[in-house]
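Q: Read off the chains here:
Number of protein chains: 2
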Amino acid sequence: MTNKYVYNFNEGKKEMKSLLGGKGANLAEMTNLDLPVPPGFTITTEACNRFYEENEKIWVELHEEIKKHLKDLEQRLGKSFSDEDNPLLVSVRSGAVTSMPGMMDTILNLGLNDISVKGLAKSTGNERFAYDSYRRFIQMFSDVAMEIPKVRFDNLLDDMKEKKNTELDTDLTKEDLKKLVEQYKEVYSEEIGEEFPQEPVKQLELAIEAVFKSWNNPRARVYRKINNISHKLGTAVNVQSMVFGNMGETSGTGVAFTRNPATGENKLFGEYLINAQGEDVVAGIRTPQEISHLEVSMSDVFEEFKNITRKLEEHYKDMQDIEFTIENKKLYILQTRTGKRTAQAAINIAVDLVKEEVIEKEEAVLRIEPNTLNQLLHPTFEQKALENAELLSKGLAASPGAASGRIYFNAHDVVEAKARGEMCILVRQETSPEDIEGMVSAEGILTSRGGMTSHAAVVARGMGKCCVAGCSEIRVSEEKKEIRVKDFVLKEGEYISLDGSTGNVYKGNINKVQPKLSGNFGEFMEWVDEIRTMSVRTNADTPKDANQALEFGAEGIGLCRTEHMFFDEKRIPSVRKMILSTTEEERKNALAELLPFQREDFLGLYKVMKEKPVTVRLLDPPLHEFLPTKKEDIESLAKAMNIDYENIMDRIEELDEVNPMLGHRGCRLAVTYPEIYKMQVRAIIEAAIEVKQNGFKDIKPEIMIPLVGHIEELKYVKGQIIEEIEAVFKEKEIEVDYMIGTMIEIPRAAITADEIATEAEFFSFGTNDLTQMGFGFSRDDAGKFLDEYVNKEILERDPFQAIDRKGVGKLMEIAVEGGKSTRENIKLGICGEHGGEPSSVEFCYELGLQYVSCSPFRVPIAKLAAAQAVVKNI
Amino acid sequence: MTNKYVYNFNEGKKEMKSLLGGKGANLAEMTNLDLPVPPGFTITTEACNRFYEENEKIWVELHEEIKKHLKDLEQRLGKSFSDEDNPLLVSVRSGAVTSMPGMMDTILNLGLNDISVKGLAKSTGNERFAYDSYRRFIQMFSDVAMEIPKVRFDNLLDDMKEKKNTELDTDLTKEDLKKLVEQYKEVYSEEIGEEFPQEPVKQLELAIEAVFKSWNNPRARVYRKINNISHKLGTAVNVQSMVFGNMGETSGTGVAFTRNPATGENKLFGEYLINAQGEDVVAGIRTPQEISHLEVSMSDVFEEFKNITRKLEEHYKDMQDIEFTIENKKLYILQTRTGKRTAQAAINIAVDLVKEEVIEKEEAVLRIEPNTLNQLLHPTFEQKALENAELLSKGLAASPGAASGRIYFNAHDVVEAKARGEMCILVRQETSPEDIEGMVSAEGILTSRGGMTSHAAVVARGMGKCCVAGCSEIRVSEEKKEIRVKDFVLKEGEYISLDGSTGNVYKGNINKVQPKLSGNFGEFMEWVDEIRTMSVRTNADTPKDANQALEFGAEGIGLCRTEHMFFDEKRIPSVRKMILSTTEEERKNALAELLPFQREDFLGLYKVMKEKPVTVRLLDPPLHEFLPTKKEDIESLAKAMNIDYENIMDRIEELDEVNPMLGHRGCRLAVTYPEIYKMQVRAIIEAAIEVKQNGFKDIKPEIMIPLVGHIEELKYVKGQIIEEIEAVFKEKEIEVDYMIGTMIEIPRAAITADEIATEAEFFSFGTNDLTQMGFGFSRDDAGKFLDEYVNKEILERDPFQAIDRKGVGKLMEIAVEGGKSTRENIKLGICGEHGGEPSSVEFCYELGLQYVSCSPFRVPIAKLAAAQAVVKNI
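Listed in order, the protein sequences are those of chains U and D. Number 757 in the numbering used here belongs to position 772 of the first sequence; there are no gaps in the numbering. Number 379 in the numbering used here belongs to position 394 of the second sequence; there are no gaps in the numbering.
Be careful, since some hints might not be right.
Identical copies look the same in the list; a pair holds intra-copy or inter-copy alike.
Stated by the list, open to error - Computed list of lysine to aspartate or glutamate pairs in DMTMM-like fashion (alpha-carbon distance at most 20 Å, straight line):
id, residue 1, residue 2
1, Lys795, Glu740
2, Lys217, Glu697
3, Lys159, Asp629
4, Lys465, Glu631
5, Lys529, Glu596
6, Lys805, Glu639
7, Lys163, Glu511
8, Lys42, Glu631
9, Lys857, Glu354
10, Lys777, Glu740
11, Lys795, Asp739
12, Lys812, Glu831
13, Lys471, Glu639
14, Lys595, Asp618
15, Lys315, Glu479
If you're looking for bench data, these hints aren't it; they were derived computationally from the structure. Just so we're clear, the structure is a prediction, and the values are computed from it rather than from any experiment.
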């Protein structure tokens, strides 16, 4: 840290962003590019941090440094503060390292006092303007720097307008405004106990303190939390001489993008107002004109501006968002920054810039925030429609997209309503595998419980279906078929709308916009594929999902959850028969009924995937998930299966678990009932033999054993499996290649991965469960308090969304090292939900995994993240 | 591995136990001590293992080696096989490294055939005896070596007796026996398709094969599993020349202990039968005589025997169990081994041997299996009474002791029955904190679910109360108030008996024996205390438990579970009010009601513990555990609290969790509701101030924060706590020392222990939860399949009983290293249930922990284990 806390604009450059803030660095850069930037200086972010150390006061040395720079500014401009003819006025603006639009405070026209107001009147030839500016400055300063309630000034203004019997500020005369200035100053001294400061240096210091303090105002803190910005960065303060766009018809102010931020089209895009200040543009009193109109009204200025925008874009090598003011035909550039844009525009701009040879492909790949691809793949709400919508609540953005429909509270009702032609939203406290059909039929899913990896979230993402999960504020009564939230009660059949990309839940039916994929998207993804080194597979259980994923460029299946195949109505009776069997014989018979179904399942997947790798996870959930829970369902099951109701209840009770997550599931089932996995493996291998005989010579199923925690478990189950595979080979008189591997999802498995690799040919990280057990967080329950953890800054991010590198990531690292130490070429992948989350994908790259696997709609996102990881790590 | 597979007795020594087996090594040792051991040789355990590699056949080289040793034996004894005058006969016995009494097979009188039977008749002068021996040998050989059903021979014997119209074998004449021999040989050739082997070498090899095979018979495998003996050790086979105790009134056979195995008294203890073989003693046909009687009947022999026993005890430095035979006034020693003994005898013998200067204190400490101390601390069933008892089932030996009582199915009924003066057993599917009062009133607790660390098990151990948990075979219907097991239905009020040391559950009321602590116990424990370096604390929540633990020598409290204090009927209303509060204010009021109770709790503990360390764990369980679950209880709560029934139901539903183990509990509660811990900490500190003011200058409470997984959690909660402590100091104008530490019970905490130690002054390992999360086993559910895991040898031991060193232990190791790397002198302890399990205590010693903490009744066990760890690691 240096002792220099204030930089003239010509002392900085764009690389000094962390010291000068984004705005300050850009002002410096533009100054050094000889662009017409009103001169000024920047007080650094380090000063902001020291300000907090100094108990939120400006210390002596900083005071001196500021004074010195003010003097310097006066000299350079030939203007001085409190001048009766041509006074110096400045703006004071925050400037964080990362732009936080509208989050912090700004003060304009600082330097106005009882003397300089006259100078301003003289230099602009507009006394009314000068006093209106003074009035506004007092109010802004009082509000921002001194926290005097704005309403006190507004009341005076309203009184004055009432007296003058008008509704418009503009109808007030300069005399009225002079009076208001006096009244405003009185309010100030009443509230503060001091006269309104006439000394510009005093004004400035109070303003600087206010900006520093605004770094920690609640809305700024919330913004940073949402956007993952550290609270420790601090903000810089930019003090810049004022220029005026409101000096008549040869003045004006505006904003322009060097390219179209909605479409990416390479054409200047923007608007301006003649005879106006920036705040007038924001206030929207007059309708601004399109930037192209400037060519007509002031062609020289337009020409100069166009050249400058081109220069800036070339210099920054990206589309710029530029603020400018024209003061008496003189153009000033007030700000430039990289322009925000839609995902579609981002792709088009990046591709165009490569073609224009401005940037390399690698740079283009870095330009797109992977998650924004969601905008390209899913419908979104129409912006206009959204503005009028009633926001009911906000849950977790569990699966992106926008959906509207009538609410129904169980799968059955959704299926029926859909059959009647209705659009439905399935609303549940939480979903379970029994709800699958309802989820398929619904436009979207809303749950009041569960986190980012709850059943609803995982399944919805798999389907590419919009889902808002864990919306705990909403009370769902499945019995009464209604939801209560705030003062609303919504009954079955009423409309709601879900935004799965933000987690917002709205009342009513909101218009949607369908995504369009431009040709540039395809080209961009080709570059992504060229650059990235990790494969991207998909989690898919059906040929339909697999097809969808292939369209998005999936290179294999990393996780086929076989249990999803068990819920089909043709199969569930056999599954239940299997579970309710009391002898191995009965169980084998029930499994024999399932075998042809399972074989067809795998056959379907193999056919779609051609010879791409397919990893099949053997049965994972506890058996009780397959049994009905409601009395009437149990009764009809009893009847159908010709078993005593009591007996079924006994069995259900026996299977019930206190902590099902840590219960009798995964390979533990196979230790107790080896015949289940044997049936599954037989189906996998028989199907593989069939496609091999039909030309897929290289078919090589990857059989994955879940929930292994101990090498002996794996040995035991693998032994059983191989026995069955050998039996199939013998029967069919033909063999196929296959691999046997395991999930690494239990901490003990990670810790003892060296042992486990003696038997496992591949590891696939199940980071959902590894996070659950590593943290001791139940994904179904933690939603309730994880929010609070993030709000209280205990956790930076929900570890179910992004891999917790220090803890869960460390377990992964131990496992990777252990696995490689035993089996040098062990295949390593991830199939947890994190496999589609960009920062987690990057982490997987750093760990040296060969592939990630994610739900179909996340495949492009994962690919982009994988390519970015390569570029970042060059 | 050498190529030598057969050792003459004089080639071995007692240190060669792993090669020669226990019996073989001792026979060798005795041979070399010049004791009168009938000569013979031992086939090694390595031969047994190779036997299995050779597909369970004796290979050529071994065949040759055996033949060579047989020849040698014939030469040494001047006897030969198949001799018509004085034939050599041998016994063939198994001999494992660790004694497995009765588990494997033995064949006597091998070498008898149609010729040698005549020789035996001649040499013994007893033709009837010779043919009876031959008959028995054929049957034994056929049964053991050839697996011919014994019943076929028994039928022939019965036919013969019927024909002779007698019930006694002894009434059969030598002619009858000769006939039987012929019939037996016919059975043999029918069954095997070959003549009965006349060649002794052939007989011997078949017998050796049979003994090797018996190593893997089911009862031997089960025995090894129960006793934690590896299946890989193999058994040796001892071939020894026969001597006969049944050659008339100057012959006999017997067994003696060098000291009394029941009391430890230093006096020869044993019995013998004149004119008998070993099997006659076992059969119990005649009543044996006390060993002292031998002095009267054969004083020379007795004198020799006494000298030999003294010599053997001196040589082995431990009480010996010796088998002997007298053949025509000549004494032979057939076997010596360390004698089994009761815990009481073990202590007395060990102490006596130290006083006799035979062994050192360190050796004495190693002599006692720590778990056997349970016999000294808890009542046991009377052996005789047990023999007639009906065994209903077997569950987990969750808390030692013996208890009988009438069964009741809920806490309320137990309390009422106890008030009527009944002895009760509380029977539940599983217990919950609501059952505490019932557990206090019951003699013992039986549950059908849950493992070694289930609620029932943990609480019962804490109380020193007998408990059998997870007895899954028993179907408990709490509604019908009955249990069903096998064909029995037991109704409320019927008697059962529980053995908490074995897990056995019996029908009816069985007499019990109360333990007696001899003076030697105290002296022994003093040596233990001298030797051990780790402290032993106790887990105790009440002054009563703490007092009990102090009596057993506890050196502090390692875990005070504050939630146990919340269930008292005076407090639970306030607890519930706190939980049902909707505002912080309401919650604070409810907590204020609890504060005086909590203060009294800690005051009570401090007073009992004097200035010994007391670690208080702040509230740990999820809040829903404190709410009622039955409709009527909820209704009465609603009435009592004047809250809507619906509202309470809403709140209960809201608090309900899918996986409570991984839910909103521990320090997570304190993140959401900081005021709960603040109240508890205030109580801890105010109580400490009070005792400090009353003379306990060195009081220093250790405040333990549970369920920390992330450094930021700890920081946050610690910050809240310290704020409250400082407030108390200010109010009271006096300070006390205190420490703040954390449980290490979440894998992530272990992994990031280096970070956590920056804030934690001590770590206490919560190995129950660390095992749950490390393995992904719910302790409430895993009972169902863990048995199978142990049976299928997937796990060596239930990891909730003994620390899994490779996985959970590795996490502990990482945590110890991490903790020390940040805070060199960090205090390290364990308060999980493993803290009282000997092998786990040893592991904690190896890890370098400073203390273990366990339930009061386990304190002596933990102390002994801690001392043994020191001795073993010298």
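Q: Determine for every hint whether it applies to the structure shown.
A: Outcome of the hint check:
1. Lys795 to Glu740: both (18 Å within a copy, 13 Å between copies)
2. Lys217 to Glu697: Answer is between: at 16 Å across copies they meet the 20 Å cutoff, but 49 Å inside does not.
3. Lys159 to Asp629: For Lys159 and Asp629, the Cα distance exceeds 20 Å both inside one copy (93 Å) and across copies (64 Å).
4. Lys465 to Glu631: between (29 Å within a copy, 13 Å between copies)
5. Lys529 to Glu596: within (17 Å within a copy, 70 Å between copies)
6. Lys805 to Glu639: So Lys805 and Glu639 fail the 20 Å test inside a copy (41 Å) and across (45 Å) alike.
7. Lys163 to Glu511: Result: close neither inside a copy nor across copies, 65 Å intra and 97 Å inter.
8. Lys42 to Glu631: Neither. Shortest intra-copy (76 Å) and inter-copy (54 Å) distances fail the 20 Å Cα cut-off.
9. Lys857 to Glu354: Classified as within; 13 Å inside a copy, 61 Å across copies.
10. Lys777 to Glu740: Between copies, since 19 Å is at most 20 Å while 40 Å is not.
11. Lys795 to Asp739: both (15 Å within a copy, 13 Å between copies)
12. Lys812 to Glu831: within (15 Å within a copy, 36 Å between copies)
13. Lys471 to Glu639: between (40 Å within a copy, 17 Å between copies)
14. Lys595 to Asp618: Cα proximity of Lys595 and Asp618: none, with 40 Å in one copy and 61 Å across.
15. Lys315 to Glu479: neither (58 Å within a copy, 104 Å between copies)
In summary, the structure is inconsistent with hints 3, 6, 7, 8, 14, 15 from the numbered list given earlier, while agreeing with the others.
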